[in-house]
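Protein chains: 2
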Amino acid sequence: MAEVVVSYQVITDEKELKELARKISIEQSVETPESLITGEIESRYLGQLKEVSVVSDKANTFNISLAYPEEIVSQQYNQLINLCFGNVSMYPNVKLIDISLPQHLLNIFSGPNYGVTGIRDCLGVYGRPLLATALKPRGYTNEQFANMCYEFALGGGDIIKDDQNLVSNFDDFKQRVSQCLAAIDKAQQSSGKACLYFPFISAPFEEIEKYFVWVKAQGVKGVLLAPLILGLDTSRGLATKYDLIYMAHPSFTGSYCVSPNEGMSYHLLYGLLYRLAGVDISVYPNTGGRFEFSEQDCKSIADELRRPLGNIKSAFPCPAGGMQYSDLQRMCEWYKQDSVLLLGGSLLEYSPSLKKSTQAFKDKLSASFEEKIVEHTRTTFSSSCEYNYEGNNSLLEYIEFNNYEWLGREKVEYKNVSDGSFSNIKRVELVGKNGEHCQFDLRYFEITQNGYSTKEMHEHVHVIIGARGKGKVIVDNKEYEVKENDVLYIKPMTTHQLLNSNVEAFGFYCIVDRERDQPIAAQ
Amino acid sequence: MAEVVVSYQVITDEKELKELARKISIEQSVETPESLITGEIESRYLGQLKEVSVVSDKANTFNISLAYPEEIVSQQYNQLINLCFGNVSMYPNVKLIDISLPQHLLNIFSGPNYGVTGIRDCLGVYGRPLLATALKPRGYTNEQFANMCYEFALGGGDIIKDDQNLVSNFDDFKQRVSQCLAAIDKAQQSSGKACLYFPFISAPFEEIEKYFVWVKAQGVKGVLLAPLILGLDTSRGLATKYDLIYMAHPSFTGSYCVSPNEGMSYHLLYGLLYRLAGVDISVYPNTGGRFEFSEQDCKSIADELRRPLGNIKSAFPCPAGGMQYSDLQRMCEWYKQDSVLLLGGSLLEYSPSLKKSTQAFKDKLSASFEEKIVEHTRTTFSSSCEYNYEGNNSLLEYIEFNNYEWLGREKVEYKNVSDGSFSNIKRVELVGKNGEHCQFDLRYFEITQNGYSTKEMHEHVHVIIGARGKGKVIVDNKEYEVKENDVLYIKPMTTHQLLNSNVEAFGFYCIVDRERDQPIAAQ
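Each protein sequence line maps, in turn, to chains A and B. To convert a position in the first sequence, counted from 1, into my numbering, add 27. To convert a position in the second sequence, counted from 1, into my numbering, add 27.
Please keep in mind that the hints were generated in silico from the structure rather than gathered at the bench. Just so it is clear, the structure is predicted and the values come from calculations on it, not from any experiment. You may find that some hints are simply not true.
To be verified - Here are the simulated EDC-like cross-link-like pairs (lysine to aspartate or glutamate), alpha carbons at most 16 Å apart as the crow flies:
1. A/Lys499 <-> B/Glu427
2. A/Lys505 <-> B/Asp365
3. B/Lys510 <-> A/Glu170
4. B/Lys50 <-> A/Glu319
5. A/Lys510 <-> B/Glu424
6. B/Lys268 <-> A/Asp40
7. A/Lys213 <-> A/Asp270
8. B/Lys326 <-> B/Asp270
9. A/Lys497 <-> B/Glu427
10. B/Lys220 <-> B/Glu402
11. B/Lys268 <-> A/Glu170
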């Protein structure tokens, strides 16, 4: 039977070692007095003491390994944490030092969405460490931040992230992100080299998905999250749902690793647990900076993020925190090619021109490696059902219908786009754009004679109700005629297009999830 | 200007104390080299050293207080954590010991949904500590757990929660919760005294709301969550969204408090931070049990949970972990009336009859206090739009309309209920009950002459589109006539009822969130 092996460093009198191991095993699995542990419960759920070794340089210190039946993890990340370090996190003189998972349990954890290779493909940068920086300090204007993005991207930098202190409100966030993206876009157009911008998302539970939906719609490729604040599995789930590169910030993590006798080893938190929870880039304090992580701790994190681990992608180590230009050579030697070197303050202080500083830092990185850059190209695409709509209507309780117009709701006939993606479509946003408390939007579309919608696909579904005239709907290779009150459910990632060849307008309601992915053009 | 005052215990050479305070202030606010900190940034965001005191019994140990302008918290819980203990959590020899918030910042944190008073009202138990236990050990059958619930409730116990190790899958979860609720219901019918059951919810991000929706629909009043695993604000958000009593389990929390020189004080995590994050009942290890929390630590947690704190409700301290019958008297004296005493293993071991053990423990509690019990009563209520529907249809892409019937979709005319809640309504579940990937359900309702829907209210909204004939809709004290294609948005918690006095049937589409709360009867 497959086993999960969990190892701890414990400080105890040797005579009490076995008893302590038993106590931990019970605490973490069934938390019940011995008298209630039957043979079947023991064999199905309890951990058995598998190995004991003496830690030679510390008095009364031992490493012990407990082997649990795999069933106890219930194929769940949260339960893995609960098992390895739930109640026992409250024991003094017990430190979690290793976790070993059987292969097919590993396979149920999704790991990074992009990983080292996926991020390199987004950037088109191969063969050398990536250069990253942070937008700071809080207090700068969004124009100043956008300008930093522009200079950093022009100077050849790879990733620019928000500082984790850049927390304000949604409007300011949108303004900053829009301006930074525009600045990077401009730099990319001129340099031909891609640069990624990762906004920091920190918002109350009630609002946080709004941020993800919005950044995704802007074409943002990745985000910075603080997993110990948001929750490890919550961060994974959000990054995965929105298919984003997930850079993890170590805010609020230190207590798990700072004590030599309690908490857990550095490589477990910033390495294994992060990687299992989908972190693509793990930011942690580099040795020799403002924090006291040792050289060995830092290397153990980097190794854990990149070692072969079932089907789970490798993640980037991202040492940070007070490193200087003069440290770069050594960091390149230590961390090797597949790392992200994050330089904040020292890059800003290096010269009055951020572009020139970035070039200097980047050149230093490239010098030790054989870099390969793939030119950045852009694609454009217009979707008829997501096109350019800025509603200015108010939340209405009663929206009266009158001959395919609705009182208080504008019927927008947008100009046909130059790429011919769609034609002759009018739209009425009935419910959802005005602060309504629902998880869906209700729209009415009308296609006049010879008009058609964009041929596209997306993860979110369409539910369509015929409301006026009739039209043709092509879904993959099927064709339907839709007339009044016919209902059509268009499945995820199905190519679809709606057309009207009749004189009478073809009108239909279309209901979509409020939070939805951007359409992809179909051929 | 209002200030947030954050206090740390630091171990350092006295000569370096001011420098360290400055370093922490910069680390936590703008994380930027001194050269980039302008006067305006300094005054808007940096913390000023406000107080220094010597800790008399520890060498080189000081308490320092930094006062930050309120703006830096951005009215956000996650940012409060980031500010007080983000990066500095990685500093050795720095421990967070206090946080003081200005009044109107306190008011933006919602705090417990129910608090001490709300939970007492749910239970009808006043004047004494509450007696709680845990369903354990993992490995018992659901029948065994249900029987434990029955015996505990009959014995006069107040709260029974899942053990945090009871993690399996959704089907098993549903079976356990259903059986436990039924058992408690049976006991309540016979004893007339209420008992609350809190299932432990631990599930991947993608599935977790499914659990909340389901338990809410079963009438569950509260849940057990592990906030440091799920995320502090995520737990708050979920408990609030589903209006549940939120009991917090300390799994994975220990590293924040176990070290004397790092992490944070017990009362901050299990008290203030929990309470601000909506915890109604904070479970923590009692002194003298299996863990090494001191008497003083435990009292500081209890005091923090119950002290006056702006408009934020008081929460229950819930000491747990290896306490015995013989400890009860002392615990009652220590913790006083407004506490929940959680006894697991010792209650199970006390006698062969859990009912008798519970009675004995409960009597011990009652002896020191003047208990008052309000009899438990049940209310029944039928909602026309959520009534008894079990769909057996398959996912269809094209659902053809024909004279207000849809191919492949049953039109259900359910029997009018005996309480007269609604009359003459037919329903067609068009989209949403058959595995469709959307966040909403599309239904068609038809009210024939003299029929009416239930007069009710709920948190989720209705979006209604007139489709056949016309009808009357009463929303609070307004009345609308709805005809074909009129759209109606019924706001959260608004009393509403739909009626038809015409010969022609009144048909309408009704779109609702997939995950929605249960309706409440309106008068």
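Self-check item: B/Lys220 paired with B/Glu402 [C-alpha distance capped at 16 Å]
Solution: holds, 6 Å
Quiz item: Are the Cα positions of A/Lys213 and A/Asp270 separated by 16 Å at most?
Solution: At roughly 24 Å apart (the allowed maximum being 16 Å), A/Asp270 and A/Lys213 break the hint.
Self-check item: Given pair status - A/Glu170, B/Lys510, alpha carbons within 16 Å
Solution: violated, 51 Å
Quiz prompt | Given pair status - A/Glu170, B/Lys268, alpha carbons within 16 Å | solution = violated, 37 Å
Quiz item: Straight-line Cα separation of B/Lys326 and B/Asp270 no greater than 16 Å?
Solution: violated, 29 Å
Practice problem: Please work out if B/Lys50 and A/Glu319 have their alpha carbons no farther apart than 16 Å. | Solution: Cα-Cα ~14 Å, so holds.
Quiz prompt | 16 Å limit on alpha-carbon distance, applied to hinted pair A/Lys497 and B/Glu427 | solution = holds, 13 Å
Quiz item: Taking 16 Å as the top limit, are the C-alpha atoms of B/Lys268 and A/Asp40 close enough?
Solution: violated, 49 Å
Practice problem: Please work out if A/Lys499 and B/Glu427 have their alpha carbons no farther apart than 16 Å. | Solution: holds, 14 Å
Quiz item: CA of A/Lys505 to CA of B/Asp365, is that 16 Å or under?
Solution: The given pair, whose Cα atoms are some 66 Å apart, is violated under the 16 Å limit.
Quiz item: Does the structure keep A/Lys510 and B/Glu424 at a Cα separation of 16 Å or less?
Solution: holds, 15 Å
Figure legend: structure checked against the earlier numbered hints; hints not met, in rising order: 2, 3, 6, 7, 8 and 11.
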